[in-house]
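Visitor: Sequence:
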Amino acid sequence: MNRRRVLQSAGTVALVGLAGCIDGVQDHFTGSLQSPVPVEITNDGDHPYDVSLDAVARGNGRESYEEAFTITPGERVAPPHIEGEDQQFRVTRHGNDEVDDLVEMGTITDETDLVLISLYEDEIELEIIEDETEAEEEQEELEEEHDDGSEGDGDGDDDADQG
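The sequence shown finishes on residue 163 if you use this note's numbering, and the numbering steps up by one all the way, no holes.
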């Protein structure tokens with residue numbers, strides 16, 4: 001067997017061996033770009049709440065996000081960002097002796113730009129925003145509210161409703 005035949009055989013074997021990998025490499029480079037999505041939680045209730053956030057990837061059922069917090073009244077929390085990919089998102093406000101557990105669910109996609117969660121005495125408001133301009137406006141509004149709330153109203157009776 002001459003050297004040319006050996007090199008042709010080696011080249012053919014190498015190409016056949018890589019044939020199955022080409023689809024995987026192509027999928028890797030042609031897939032959509034997934035950007036992290038900011039999450040904001042605000043406690044607008046009168047009690048501190050234990051809150052858990054979790055997400056399950058659609059398609060494979062893999063848990064893709066899990067966080068837990070205790071949030072005091074008036075507090076705003078910015079948990080780690082969630083990946084902008086197809087997943088089922090769940091917010092659970094854990095009750096205690098005085099209140100029941102509340103659960104709210106939504107879908108995160110590659111179009112999602114912001115996730116806003118507001119906790120109230122009797123409900124959870126989950127807002128999944130997919131418009132970039134609206135997401136920016138909401139974040140600016142939250143910043144303004146937070147800045148205004150941290151200064152108080154200056155009349156000295158900020159705690160007047162508390163017993």
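These are computed hints drawn from the structure, not numbers from a lab.
Every value quoted in this text rests on a predicted model; they were computed, and no experiment measured them.
All C-beta atoms in this analysis are idealised placements derived from N, C-alpha and C, irrespective of residue type, glycine included.
Fair warning: there could be bad hints in the mix.
Said to hold, decoys possible - Now the in silico label distances, taken between C-beta atoms and shown as ranges:
| # | residue 1 | residue 2 | range |
| --- | --- | --- | --- |
| 1 | Glu-111 | Gly-11 | 37 to 47 Å |
| 2 | Gly-106 | Glu-132 | 29 to 39 Å |
| 3 | Arg-58 | Ser-9 | 40 to 50 Å |
| 4 | Gln-8 | His-81 | 23 to 33 Å |
Visitor: Kindly confirm whether 40 to 50 Å is satisfied by the beta carbon distance between Arg-58 and Ser-9.
Guide: 45 Å, holds
Visitor: Is the distance from the Cβ of Gly-106 to the Cβ of Glu-132 consistent with 29 to 39 Å?
Guide: For Gly-106 and Glu-132 the Cβ distance comes to about 18 Å; the hint is violated.
Visitor: Is the gap between the beta carbons of Gln-8 and His-81 within 23 to 33 Å?
Guide: 52 Å, violated
Visitor: Between Glu-111 and Gly-11, does the C-beta distance stay in 37 to 47 Å?
Guide: Given about 44 Å between the Cβ atoms, the range holds.
Checked against the numbered hints above, the structure violates hints 2 and 4; every other hint is satisfied.
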